[in-house]
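A.B. asks: Work the whole structure out from these sequences, hints included.
2 protein chains.
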Amino acid sequence: MLPAFAGLARLASMGALATQTVDTTKRLEALRSLMSSSEHNVTAMVIPSEDQHMSEYIAACDERRAYISGFNGSAGTVIVTLKDAFLFTDGRYFLQAEKQLDSNWTLMKSGLPDVPTWQEFLSKNLEKHSRIGIDPTLITAADAESLETSLKAKESHLVSLTDNLVDFIWEDRPPRPANKVFPLDVKYSGESHQDKLKRLREELNKKPYKAMVVNMLDEVAWLFNLRGSDIDFNPVFFAYAVVTHDNSLLFVNTSQVDDVVRTHLGDPVQIKPYDEFFPYLRGLGGEVDLSDELQVLVGDKCNLAIVEAIGRERITILRSPIADFKAIKNETEIEGFRQCHIRDGAALTRYFAWLEEQLNSGTQLNESQAADKLEEFRSELDLFRGLSFTTISSTGPNGAVIHYSPDPADCSIIQKEQIYLCDSGAQFLDGTTDVTRTWHFGNPTDEEKRAFTRVLQGHIAIDTAIFPNGTTGYIIDSWARRPLWEDGLDYRHGTGHGVGHFLNVHEGPQGIGVRIAYNSTALKSGMTVSNEPGYYADGRFGIRIENIVIVRDAQTPNNFGNKGYLKFEHVTLSPIHKKLIDASLLTAAERSWLDAYHAEVLDKVSPLLKNDTRALAWLERECSPL
Amino acid sequence: MLPAFAGLARLASMGALATQTVDTTKRLEALRSLMSSSEHNVTAMVIPSEDQHMSEYIAACDERRAYISGFNGSAGTVIVTLKDAFLFTDGRYFLQAEKQLDSNWTLMKSGLPDVPTWQEFLSKNLEKHSRIGIDPTLITAADAESLETSLKAKESHLVSLTDNLVDFIWEDRPPRPANKVFPLDVKYSGESHQDKLKRLREELNKKPYKAMVVNMLDEVAWLFNLRGSDIDFNPVFFAYAVVTHDNSLLFVNTSQVDDVVRTHLGDPVQIKPYDEFFPYLRGLGGEVDLSDELQVLVGDKCNLAIVEAIGRERITILRSPIADFKAIKNETEIEGFRQCHIRDGAALTRYFAWLEEQLNSGTQLNESQAADKLEEFRSELDLFRGLSFTTISSTGPNGAVIHYSPDPADCSIIQKEQIYLCDSGAQFLDGTTDVTRTWHFGNPTDEEKRAFTRVLQGHIAIDTAIFPNGTTGYIIDSWARRPLWEDGLDYRHGTGHGVGHFLNVHEGPQGIGVRIAYNSTALKSGMTVSNEPGYYADGRFGIRIENIVIVRDAQTPNNFGNKGYLKFEHVTLSPIHKKLIDASLLTAAERSWLDAYHAEVLDKVSPLLKNDTRALAWLERECSPL
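Keeping their order, the protein sequence lines are chains P and L.
Residues 2 to 627 in this note's numbering are what the first sequence spells out, letter by letter.
Residues 2 to 627 in this note's numbering are what the second sequence spells out, letter by letter.
Hints are not guaranteed to be accurate.
Copies of the same chain look alike in the list, so a pair counts if it works inside one copy or between any two.
[Stated by the list, open to error] For lysine-lysine, the following DSBU-like pairs were computed, each having C-alpha atoms within a straight-line distance of at most 30 Å:
#1 Lys374 <-> Lys27
#2 Lys611 <-> Lys374
#3 Lys155 <-> Lys208
#4 Lys110 <-> Lys564
#5 Lys568 <-> Lys110
#6 Lys580 <-> Lys129
#7 Lys188 <-> Lys199
Hints in this document: simulated from the structure, not taken from any laboratory.
C.D. replies: Here is the structure:
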């Protein structure tokens with residue numbers, strides 16, 4: 002799955018499909034009345050949007066943005082003043098926003114020349130002395146600080162609103178999900194939460210810090226070996242945690258926690274009501290003695306509300322040590338990744354074999370119906386716990402829309418004579434999958450075959466990479482692009498993102514791509530990352546080939562510089578469509594790679610297909626040597 | 002030639018060879034007496050070292066450092082306090098510095114754990130309220146600013162010394178060279194200086210700026226189509242220039258300039274005595290009206306003295322537009338590069354054929370004698386104007402010393418059974434060459450062949466690169482390393498540096514390498530860059546294969562994103578040693594590349610070898626298909 006894309010099923014289920022429009026007049030009136038009340042007294046309000054941010058943030062921002070504006074795309078920033086209302090969104094959503102916004106709204110097309118960023122807009126276009134209201138749980142302290150700096154030019158200020166004003170006016174707002182939390186057995190996690198807490202405390206001792214406050218939902222889930230289902234596709238639950246040298250506190254809606262969880266956590270972890278988190282922080286801040294430098298550690302995605310509760314001068318903001326721990330999978334997690342990918346490969350095989358048969362027999366099938374069938378096959382697998390993101394099931398031109406997902410009520414019929422791109426994944430107790438395959442069930446053109454082969458060559462270049470410790474995903478990204486560049490082709494997304502272990506399918510801090518941030522994190526043994534080069538011909542077709550790979554130590558004949566060298570182990574097991582390959586472009590080594598990969602797929606997946614002769618026959622055919 | 006290495010022949014010729022020691026007691030006494038005089042009143046003095054800095058700077062710092070410390074390596078920073086004396090240098094020079102420094106000196110081994118940088122040392126280890134003397138012509142304004150900031154912690158200050166104190170005590174200091182300046186005909190430069198000045202003025206009009214001050218010697222030479230010989234290997238001359246909207250002023254020792262130069266420059270350029278430069282700047286600064294924002298533009302390597310003369314608030318420091326102009330060669334310069342590389346290839350052929358014969362016949366030949374023979378062959382070539390750097394002629398273990406150059410008085414005999422690495426280049430009126438070839442005149446080991454082949458594969462990966470506009474040398478550097486990494490090998494230098502046109506063999510701002518600075522300059526059509534991956538087995542052998550390549554527009558079948566795609570054209574023409582190739586490692590495409598390259602070398606170089614049957618026979622043999 003491509004970076005920056007998750008969790009909107011809930012939003013869609015709230016009723017605002019891409020083609021519907023909401024009249025926002027009354028909602029805006031109510032909001033402005035609250036804004037100008039003496040209690041709040043703000044002249045503008047912002048609901049910002051950030052990619053790959055705090056999980057809670059994404060869900061909460063998206064919902065409120067959709068409620069107040071009517072636009073329900075997955076990215077966009079809302080600015081409401083006492084007179085006007087603006088939505089900032091990027092090229093992926095221009096069409097959708099134009100459809101969904103009513104006349105109260107002005108669409109700001111981010112990325113076009115002369116269109117300011119929303120931060121520039123706040124600091125340049127708003128009147129002097131503006132008071133800009135913001136929910137401090139929905140912006141990182143770092144972003145708020147840099148925004149506050151740029152607001153100085155007009156002597157404007159950010160105003161933290163203790164309560165979110167949209168929530169006040171939203172009468173029938175669906176309650177925050179509060180689903181059951183459950184423990185993840187150490188046979189899946191590979192490390193007890195006691196041991197994880199011990200490692201974290203060793204980190205606290207280094208400076209030393211007084212405590213660490215954890216606000217990223219996947220970090221809380223990882224740390225305590227707990228999972229939930231409060232956010233679609235991401236098996237996390239709403240919670241905060243604080244770890245001191247003597248205590249571990251988990252702030253969670255206590256209705257979500259039963260005796261199984263309490264027994265799992267044991268005495269060393271205190272469960273506290275979710276609502277007591279901020280009052281507790283204010284007390285913790287009060288305990289920090291500024292003279293002894295024992296500050297409170299927070300991760301760099303810490304929200305502004307936490308910083309304000311403890312006090313900025315009592316806090317050290319660093320890259321989260323938990324994110325770094327979590328990024329490196331232990332041997333149990335790695336084995337889980339291997340095993341769940343074998344099972345996932347079986348479901349994919351059954352699906353693609355079924356789909357081919359349907360299309361060959363002339364069945365009319367739309368993209369969403371097909372995706373449902375894939376989910377059905379997956380749901381029969383052991384340890385299955387849901388999808389890891391909305392399936393991208395796309396025919397022809399839809400495959401070129403990078404963040405496409407089919408609208409069940411209005412999507413295309415899959416065409417046999419067009420390329421079909423399917424990007425999908427699942428959550429299992431033992432790991433998370435994310436795989437893209439591209440098929441042609443009819444007769445591909447030479448152009449399609451050449452482009453597919455270039456993408457495949459880029460994919461193989463990453464799969465077979467060997468590089469010294471210290472190398473980042475920024476450095477090797479161009480290996481995936483080289484075969485495409487040779488033909489004057491390219492793709493406008495990253496090559497790979499980190500993947501959680503039965504956690505968010507997008508996980509930092511590592512990644513392979515052109516974003517300079519990826520140059521700050523060296524790839525390390527045990528990290529998981531996707532390998533997904535692609536090519537997109539606007540209005541015609543899309544190609545992507547995606548496997549999940551794990552960084553492992555490489556046994557090289559030499560070890561220059563004593564750095565140790567690394568390689569990738571792929572865990573995704575699904576054939577790569579030979580019909581789309583122009584074999585004349587492949588080197589002998591690339592050809593051998595493909596045949597060996599297919600032999601491995603057949604060897605590992607076929608034992609799970611004893612009851613599906615159609616799938617087994619299909620797999621044998623697709624895995625035969627090129 | 003590898004980055005950060007030039008122009009020390011003059012230093013060597015001053016008498017202090019790597020094995021000699023100088024007693025610095027009296028020199029230090031004299032210096033300290035000046036330091037503590039009421040006129041200067043400084044408690045410490047620094048002579049900093051920087052790689053790839055202002056040309057004048059390098060020569061001047063190196064000489065003064067050598068005089069005061071006895072150490073004559075090409076990199077090192079000297080700090081003298083009233084009691085102590087420190088030399089900071091890096092791993093390349095630890096042995097040499099230990100030999101050359103007397104007991105007055107403490108060697109600070111830069112790069113080792115717990116050894117501070119010289120900047121850290123000044124701001125942390127010196128006493129509070131230190132006054133640190135520095136010659137402001139020998140540090141960039143940017144470096145001085147950041148140093149001044151870090152000195153604040155101890156309330157210390159930099160003190161600009163109008164005269165360099167080392168010069169005061171150095172009685173028999175060789176005078177600054179003042180060799181004849183000469184015009185470079187437009188048939189070689191491809192663009193008149195009038196047109197270059199016009200382009201620069203268009204740049205000045207953009208903001209607009211009042212004037213640009215030029216202090217980089219190669220920028221002055223390029224701008225006026227003049228050349229000189231004041232610095233070994235670099236055909237430049239000591240000068241400063243100022244370009245305003247109406248005037249062009251060239252500050253140069255007038256004894257270096259004759260009527261030919263005056264006629265070439267014509268009326269629009271005023272020649273002024275070198276010593277009038279700083280007084281002129283003070284007047285120019287006085288003319289700047291702070292209210293109208295017409296500031297003076299200087300390049301980012303502008304020295305502190307210029308900034309102090311004009312006034313910091315009257316100056317804009319930017320990446321030099323002249324450096325950016327100069328980096329992109331015009332079609333005349335490109336054709337000159339092609340032509341001089343053909344001639345250079347003939348001299349190389351004659352040399353390698355001669356060397357092989359000498360070694361086969363058992364002649365005892367040391368590295369320096371061999372280098373002299375190569376220079377002799379080169380000096381017979383049309384338009385030859387000297388070497389472009391000291392020839393690296395190295396046998397066996399010396400080849401693994403990356404910045405080795407043979408000491409004529411004390412160097413190794415070339416061994417037939419060891420790898421011979423030769424990195425050399427020349428200056429011609431029509432271009433500059435820089436080429437490395439690695440040979441084995443006996444029987445190479447499997448290890449040597451495998452390593453050589455990996456280096457060759459890296460070289461081919463760069464040579465055949467195709468990439469979109471906007472791509473930097475930082476991004477493609479890993480393409481050269483990939484084949485080495487596969488074997489757990491690597492090299493600790495960049496892959497390529499920019500190359501001047503009959504100018505400095507190292508020229509910025511572009512380059513291919515792991516230095517993040519290379520990520521700030523996209524490779525553009527017309528840029529020249531070296532392609533020189535290598536491998537070094539400490540104490541045993543070194544391998545490097547270096548060609549100069551020119552960035553050119555590529556004709557790709559597609560043009561995704563309308564960016565335009567680029568490729569490299571190699572201009573260096575010298576066979577790559579087939580005996581050192583393990584052909585089983587090569588792909589079919591790599592094999593074809595090699596055969597095609599050799600056919601091209603033979604085709605272009607052989608017509609120049611009609612009078613040297615030995616060389617012609619050798620070339621035919623070395624250029625036969627693999």
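A.B. asks: Are the hints correct? Go through all of them and say.
C.D. replies: Taking the hints in turn, this is what the structure says about them:
1. In the homo-oligomer, the alpha carbons of Lys374 and Lys27 never lie at most 30 Å apart, since the shortest distance is 41 Å inside one protomer and 90 Å across protomers.
2. Taking CA atoms no more than 30 Å apart as the test, Lys611 paired with Lys374 passes inside one copy only; the shortest distance there is 19 Å, against 76 Å between copies.
3. For the homomeric pair Lys155 and Lys208, the shortest alpha-carbon distance between copies (25 Å) is at most 30 Å, but the shortest distance inside one copy (39 Å) is not.
4. For the homomeric pair Lys110 and Lys564, the shortest alpha-carbon distance between copies (22 Å) is at most 30 Å, but the shortest distance inside one copy (46 Å) is not.
5. Taking identical chains as interchangeable, the C-alpha atoms of Lys568 and Lys110 are never at most 30 Å apart, the minima being 41 Å within one chain and 34 Å between chains.
6. Taking the closest pair of Cα atoms, Lys580 and Lys129 never come within 30 Å of each other, the shortest separation being 62 Å inside a single copy and 75 Å across copies.
7. Proximity of Lys188 to Lys199 under the C-alpha cut-off of 30 Å is restricted to the intra-copy arrangement: shortest distance 19 Å within a copy versus 74 Å between copies.
In summary, the numbered hints that this structure violates are 1, 5, 6.
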